[in-house]
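Each protein sequence line maps, in turn, to chains A and B.
Per the numbering used here, the very first residue in the first sequence carries number 1; after that it's consecutive.
Per the numbering used here, the very first residue in the second sequence carries number 1; after that it's consecutive.
Keep in mind the hints are simulated off the structure, nothing from the lab.
C-beta: ideal position from N, C-alpha, C; glycine also.
Where hints are given, some of them may not hold.
Claimed, not checked - Between beta-carbon pairs, the in silico distance windows are:
| # | chain 1 | residue 1 | chain 2 | residue 2 | range |
| --- | --- | --- | --- | --- | --- |
| 1 | B | Val408 | A | Leu287 | 28 to 34 Å |
| 2 | B | Ser128 | A | Ala198 | 37 to 43 Å |
| 3 | A | Gly194 | B | Ala220 | 48 to 54 Å |
| 4 | A | Asp151 | B | Ile165 | 19 to 25 Å |
| 5 | A | Val318 | B | Val408 | 31 to 37 Å |
| 6 | A | Asp151 | B | Tyr47 | 55 to 61 Å |
As the list claims (entries may be wrong) - Reference excerpt, derived from the structure (chain B facing chain A, CB under 7 Å, subset only):
| # | residue |
| --- | --- |
| 7 | Ala70 |
| 8 | Gly95 |
| 9 | Leu104 |
| 10 | Ala108 |
| 11 | Met174 |
| 12 | Pro417 |
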Amino acid sequence: MELAEFWFFAIGAFWATYLVLEGFDFGVGMMLPLDGRDEDERGELLETIGPVWDANEVWLLVAGGLTFAAFPVWYGTWLEGAYLALVVLIVALLLRILSFEWRGRAGARWRGFWTKVNTTASVLAPLIWGVALTALLAGLPVDGGARIDEDRYLGDVLDFFSPYTILGGLSLVALFLFHGAVFLGIRAPTELRGRASARARQVAVPSALVVIGWFVATVIVASSTADRPAWLVAIPAAVGCLAIVYAVFAALRRDDGKAFAATALTVVSWVATLFIALFPRIMVSSLGLDQSITIAEAGSSQYTLIVMTAGAVLLVPVIILYQWWGFRTLMSRLGRSEPPLAPRGGIASHRDNQ
Amino acid sequence: MEALPLAASALDLARWQFAGTTLYHFTFVPLTLGLAPLVAVMQTLWYRTGNEQWLRLTKFFGTLLIINFAIGAATGLLQEFQFGMNWSAYSAFVGDVFGSTLALEGLAAFMLESTFIGLWVFGWNRLSPKMHLATIWLVAGGTWLSTTFILMANSWMQNPVGYSIDPATGQARMENLWAVVSNPIAIWAVAHTLLMGLMTGAFLLLGVACWHILRGRNAALFRPIVKLALIVAIPATALNLAVGSGFGVALYEGPQPMKIAAAEALWNSEKPASFSIFQVGGFTEEDQDPSFSIEIPYLLSFLATNNPTSEVDGMLQIQDEQRSRLGPGNYLPNIYLTYWGMRGMAYIGTLSIFVALLGGFLYWRGKLETSRWFLRLGIVAISFPFISALIGWVFTEAGRQPWIVYEVMRTEDGVSPSVSAGEVAASLSIFIALYTVLAITAFMLLRRYARLDPPEASPAEENDQPIAVAGL
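This is chain A alone, in the form it adopts within the complex (with noise of 0.2 Å):
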């Protein structure tokens, strides 16, 4: 395999990545007004993603800076195409980042308008990335052929959006609902997990139904590209409909632990199903399936390709490690009933002895 090939799946490694994880953070995002019934409650919610979803979201950093470093005109064009959506959606993360420092920060007053931000950012969030990505195999007006002096990307944002790749947001936003209530059901205190696993089992059909439909459909759209056998898309096409079948039965047994992995395995099968259907290509052209731009000829040079290898290796398996330990030591869960404490004070009580 080629360099650039591999980083063409490496990217998608780290998309996945990035959506797992900060998929259940948005699915407790959403979840906050239909499982906390008052603030105090909300609280606790937000409580158990507390530690980790800024370690969740730098993933998200990194796939866009790989994305940078190792195909620069995929960067460049995807993200001018994009431009109004992404606005939007920079804005909504940033109020969501703050929404977890400032929520318990800025007054009693404010509690419920930062519960709304971050719920609100939880929506818009996967359902603008659902978008913008499923956008790469729809279609975009793009010139693969154009010179680095040339215009690339010839339309506007609006052209990012069709049937389909709407259907690629709400598949997101449906299936991060589910992977959040499922989390909720293992990590909530106790009453609050109960609550968020009947929730679950009422979220589980129909985000299965939706996450279904968009896997069809992206099968469909892939084999209207003939240069690639069907079922090649059709493999993790399936095993993520399974996956997320599974899931709806393991929360219909009131077994969380599987249904959340299941709904993980859901989210790598989507990232690894749309990458596949992509190859060889990276952004499809809707002028013309020959403009497309493609991994080859997107790629960086085989010198940076190789420094960003070297890097990869040697950090990801650390990265992984300390990460893994600090979830550990993170995710004991909070099983307390008590409200939040009033931030007033500090950063944390602390007993030397323990």
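Put chain B on the given structure of chain A with help from the hints.
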């Protein structure tokens, strides 16, 4: 012809947006760079001595650190994506070199900071004291490493090295990683920025301590903070003057003599060249002679070349030389911004040295706490490093125009061709509104927490939960 003014304004708006949001982001960065290691020092002192007051101070300043870190992280999100959004032609051109530096920053540094700040905030009762202490040092190390990578990327734009242009695609291709990493401009920039971060952190400590002592609150508790702040501030400010001066020589004798000539509004070569404290007029090609100025002889020669009598090239001569290499064009930056940017940075930086030395003197004589005027000055001086750093960035970035990659790509050629003026106007309005609200909220929060009494260290509270969803 009709589209031309519109295209021009899309470029202008994109430049305003990038400059505004990046400066804004960089308001919070230096404080994190300084405060993270200083908080780590406080926690180390607690760990070593068992003295509870250091624990209280760690938590007190730690709260300010995480509020500040949150805004830095949030505004950093836009930074990661706006190269592609607004500067897609630039991105496609430089991704091979510039993008890989950013990507390595994410993998090596930002991942570290983000994971371990969460562990630090939430790990007080879940990690052993030694492990917990390690997390804050890893956060501090992560922020410094992050700065190093980012400045490597920026310095490549200032002084592109270790690359060639691919004739087939017109893209820059990295050829020598070591040249990119050991870029002399990057090494100066890293030293200058990290010292400035330490200044910012130390002045915040000093100012907050002054505020509390002035009100007779927690004076005993904050006394060692004054000492710690001065121990860091005095060498950091003095050293940074020297580093800044060396940086200037490296730019003049290296890639950017134009920036240094523009910083003096020096139109024609002089030997020896004098430095003007300030001047009125003389900032445009039509009006080259200032109507009034106060000058220090020999000083510019010294600042630009380390030798008080050597010749300093003027902008017009440098431009002639550039034209002979790069073809016809106007290669002058905005001279007004460059001249005053350099002075604003240097003057406020020098003022900071005086504040630090004065504080050191008063502390040594045991008069600091009774000198109410100094306590008031100390509070005001919190702003000095921030202002100095921001103006310094204006100087650095304005002074390299019209280039986005120095002498390789012009800023106007880097902009996203398909993003319209209307779209950038919309996003710029959104960011102005959002960032204004953010700034007010951030300032109020930081002020509120800086004015609280530090938390009691005794485990009076019976829960082991961190503050409500502190995040981060």
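Here is what the structure says about each hint:
1. B/Val408 x A/Leu287: 28 to 34 Å: holds (31 Å)
2. B/Ser128 x A/Ala198: 37 to 43 Å: About 39 Å separates the Cβ atoms of B/Ser128 and A/Ala198, which means 37 to 43 Å holds.
3. A/Gly194 x B/Ala220: 48 to 54 Å: At roughly 51 Å between Cβ atoms, B/Ala220 and A/Gly194 fall inside 48 to 54 Å, so the hint holds.
4. A/Asp151 x B/Ile165: 19 to 25 Å: holds (20 Å)
5. A/Val318 x B/Val408: 31 to 37 Å: Once the Cβ atoms are compared, 35 Å apart, the range 31 to 37 Å for B/Val408 and A/Val318 holds.
6. A/Asp151 x B/Tyr47: 55 to 61 Å: Hint holds: Cβ distance 58 Å, inside 55 to 61 Å.
7. Ala70: holds (4 Å)
8. Gly95: holds (2 Å)
9. Leu104: holds (5 Å)
10. Ala108: holds (6 Å)
11. Met174: holds (5 Å)
12. Pro417: Check passed: Cβ of B/Pro417 comes within 4 Å of chain A, closer than 7 Å.
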